[in-house]
Structure formats: structure tokens, C-alpha cells
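Q: Kindly generate the complete structure, drawing on both the sequences and the hints.
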Amino acid sequence: MSDSSRDTAQGAGWGSTERGAYQQLMPDHVEKLSWLNPKTLWAARNGVLASWFGDPTGRTRSRWVAQRQAAGAPADKVLRHEVPGSFSFLVVGDTGEGDDSQYAVVPGLLRAGQDTEFAVIASDVIYPVGSTDDYGNKFFRPYRDYPAPIYAIPGNHDWYEDLGAFMRVFCADAPPLPPEPRPRPLTRAWWRTTLWHRPRPADEQQFAADRALRCAPAQQAVQPGPYWAIDAGPIRIVGIDTGLLGTIDAEQGAWLRQVSTGPKPKILITGSPLYVDGEHHPCAIEGGGTVDDIVRTPEHHYVAAIGGDIHNYQRYPIDVDGRVIQYVVAGGGGAFMHATHTIPRVSVGGVTEREFRCYPLRGDSLAFYSRLYGRRLRLRRFFALTEAEASSIVAARLGIEPGRAPGPDARITRRTRLVASLLGTGSRPERPSRFRLPVRRLYTHLFSPSSATYSPPFFKCFLRLDVAAEEVRLRCFAATGHRAQELDPPVEDEVVIPLYRSHPADRTG
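Numbering (UniProt numbering), first residue to last: 1 to 509.
Read the hints as simulated data drawn from the structure, not as lab findings.
Hints should not be assumed to be uniformly reliable.
[Said to hold, decoys possible] Estimated spans, in silico, between C-beta atoms of each pair:
(1) Asp466 with Gly289: 28 to 38 Å
(2) Ser347 with Pro147: 26 to 36 Å
(3) Ser347 with Gly287: 24 to 34 Å
Small disclaimer: the values here were computed from a predicted structure and weren't measured.
C-beta atoms are modelled at their ideal positions from N, C-alpha and C, and glycine is treated no differently.
A: Encoded structure:
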């Protein structure tokens, strides 16, 4: 097995020179997505409109679900997937930018996932607004050689065109929803409807050609809707749709409570992680309660909750009344990288730095962003930190052990301290630095997507889960964009999850 970023700097992708073969999979022309482009921002306005004038996704989702049920989808929205006694599946989140960082994941994913039964995309299948015309280069082409079915849950970007393209691709060519009556003039709903972004007409000929890239019978998957459950061997996988604003409607909440009953161990897959960046986000359900309330209920037997949306990997092993639930962030499947060096020293839900895991390591994240800002501001000599310098200053500022043994140039100087402070290393939102460049929330919304790098290392990742009768082995594989990691994808994190079928206090023997 090749070195990981926890072993060596080369394992992280620093210093390598041979780029991977992923570029051979890409189309001849790739349009680089920029969120600073006013045209892109205007097309993606629905999230802002929903927060200002009320979120209509719950009602729209109910209409999609009713349409699918009328067409013959199972009323319980549970798929029965025939698998061997022991089997494996993939989870990859936030994939669809269609550029180098997405395609760099593919060779390693195909190699590590060649014998898996199916894959699940967790959130944001397509950027920027989930258009039908974008599925060719951002879904069908990159995964055309993956031989098994791919299921998906939508992210907020898939909802920017009312989920129409998502439903066509994953839900048996669901026809468009009929228009609703116009609301009364000058009401909040009227303003929202008037300003709402609507889907553009699709190029149907091109869509048919794109779909032919994944047309083998073994590759087909038909979902009952944007949320679903899969019974596979000893486990049930429950996928929920958190829409535009990271919540779920009352109808889906009632279904989630119902589908969570029973003794079968369960894994939740959600577009909004429940623990992320050292904070707890339990995910509200319309009408009361939270998703995490359901996950934590002992009788529901959840062993893990995996969420996309944040573009890196994090894991929090939370002890809930004597049983451990693994809360995982797995959004590193293709979009620009969200920083990990801005995560403060972890102390949440009983999890400390000793138990917490993330990828990229905080030092590699700081080194990545220091070089990115050096390029953007044309101040490379000032900003750029070596991976050793970045690792050392992160460890010193957070009071933690370095992610890997420091290199020979791991000196902490006035310059490294200043750069680390400017880039928000480990600072809490409630206690921001006096002056800090946008890296965390503002950078996420404005600068990060347009600053995606087009040369390795990319610090992307995907999950493989190996399911046996009594346990699930979860591994996070890295994708740097370098040839060495394509041929032998390094494992950045690994945990064995027992499949509790009853509360530990009730177990005997």
C-alpha cells in the first residue's frame, strides 16, 4: 500500500512530478466554473431567494414524490438490492464541477471500487445549477467505466433548477412538474416566483448521446425519488434530501422516522453533515425534531451518518449512550477544496483532537491555501509556505501534534505566523482574527470556487465501505491527481464499525 499524507509529504502529493492519466478521460474543452461571474451568480440565485421569501422545496419535493409514486415507485421508497453475504459500495460527495479536480478522482475510484456493488453520490451531483446539459461531462462521461449502478441524493446546487434534471437522470425520466398557480401579487411568494430561476430547455439530442455513455444494463439504477432507502445484505442505507437550505420537510421527516424503525443496522447519507468543522448541526425537521434525534435513538440502530456539502473529509466518533456512531463528512469528490486548517482544536460531542480525523491534514490545507493566495495576489514569496512550515505553525497555533513528522525546513518565523493568522488557522468564528483574508465562510461563497487549481495535488477523496455480517470497514481513499496515487490510492483514514443489532446494554454473552 502506498504512503498516505500521514506518512510522508510525497504521500500527500507534494513534490511529485508525474501527473496522472485522468486528463485522458476529460473532454477536449472544459469550461472553468467561476462563481465571480455575474452570469453564474444570477443563475444560482434561488438559494438566496428561498432564504428571503420562503423555501418552496418541501412542497416541490412532495410533488415529485407523488408523481413517482403514481408512476409505480414503491410507496415505502425502499429498494431491495440483491448482494452477496459480504459486499462493498462507494460513497463520493460533491462531484460535479467537470474539471481536473473531479476527473482526478476517477482513476483511483475505478481501481479501488472495481468490485463494488454500487456507488452513492452524496450531494451536489452537478454544479453550478444542476442543468440537464451539464450531465454529460459532469456525470455520464467521468463515470462511464464504473460498471455498477450509481444512486444519488441531491445537494442544494441540484435544486437550483427545481430538481428537474436530477429526476430525469436518477428517477426513470420523471416528466416535468406541471406549473403551479401564480400567487397573489406583491406577496412574498409572488416576489419569489417572479425572480425564481427556471430551467433552460435541454439539448435533447446531446442528452441522449450523453446518456449512452452509461447505458449498460448493469449500470442502471432507478430511484423512487430524491430520498430513498436501500436494503443491502445486513444493513439499510438511508438517503435524505436536505434541499436548498439544509433542512427536511415534514413529509420526509415522517418517512425518515418510519424507515428508521426495525432492528437492521443503518447508515444515513445526507446532503448536510451533522458534525462538521468542530460543530454540531443536527438538521431541523419541519414541524419539530431533528435528523440527529432520529439517528441517536437506540431503537433505530444507526451506526454512521455520512454527509456531503463540505468539500473535504472529517470523522467524529461520537459516543451515544455507550455505542459509537461515526459522523463523517465526505464531500471531497470533485469540487474545490474547503479548508481544514480553519477547523479549531476539536472538542465537540465528547470527541477531541485525539479521536478526530480529517483530510487533507490541516498543515497541507494551509500550505495549499498559502500557495493559492500567493498566486492570486502575486505575492508568492510572502505567502507560499512549505508543507513542513505549514504543518509546524498549525500544530503550534492549535496545540496539537503535527499530522506527520515535520520536515527539515519546519521553522516557525514571524512570516509563517503572519501568513497563518491571515489565512484563519484554527480561528473560531466567534473570535475572529483582527484582520483575516476570506478563507472560511466568505471565501466559500466568493473566492474558493473560482480559485480551484488545475494542477496537483488536489486533495480529493472518496469512501469505500466493506460490509460483512458483523461489521463495516470504512476507508477514505485519497486522490491527489498524481500518477502514483492513481495506481495505488492511499488510505487516509480507516475505521471498523460494529453492526449493533440491539442496544449494548441489552446484549448478553
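Q: All hints are to be evaluated individually against the structure, with a verdict given for each.
A: Status of each hint after checking the structure:
1. Asp466 with Gly289: 28 to 38 Å: holds (33 Å)
2. Ser347 with Pro147: 26 to 36 Å: violated (43 Å)
3. Ser347 with Gly287: 24 to 34 Å: Since the Cβ atoms of Ser347 and Gly287 sit about 32 Å apart, the hinted range of 24 to 34 Å holds.
Checked against the numbered hints given earlier, this structure breaks only hint 2.
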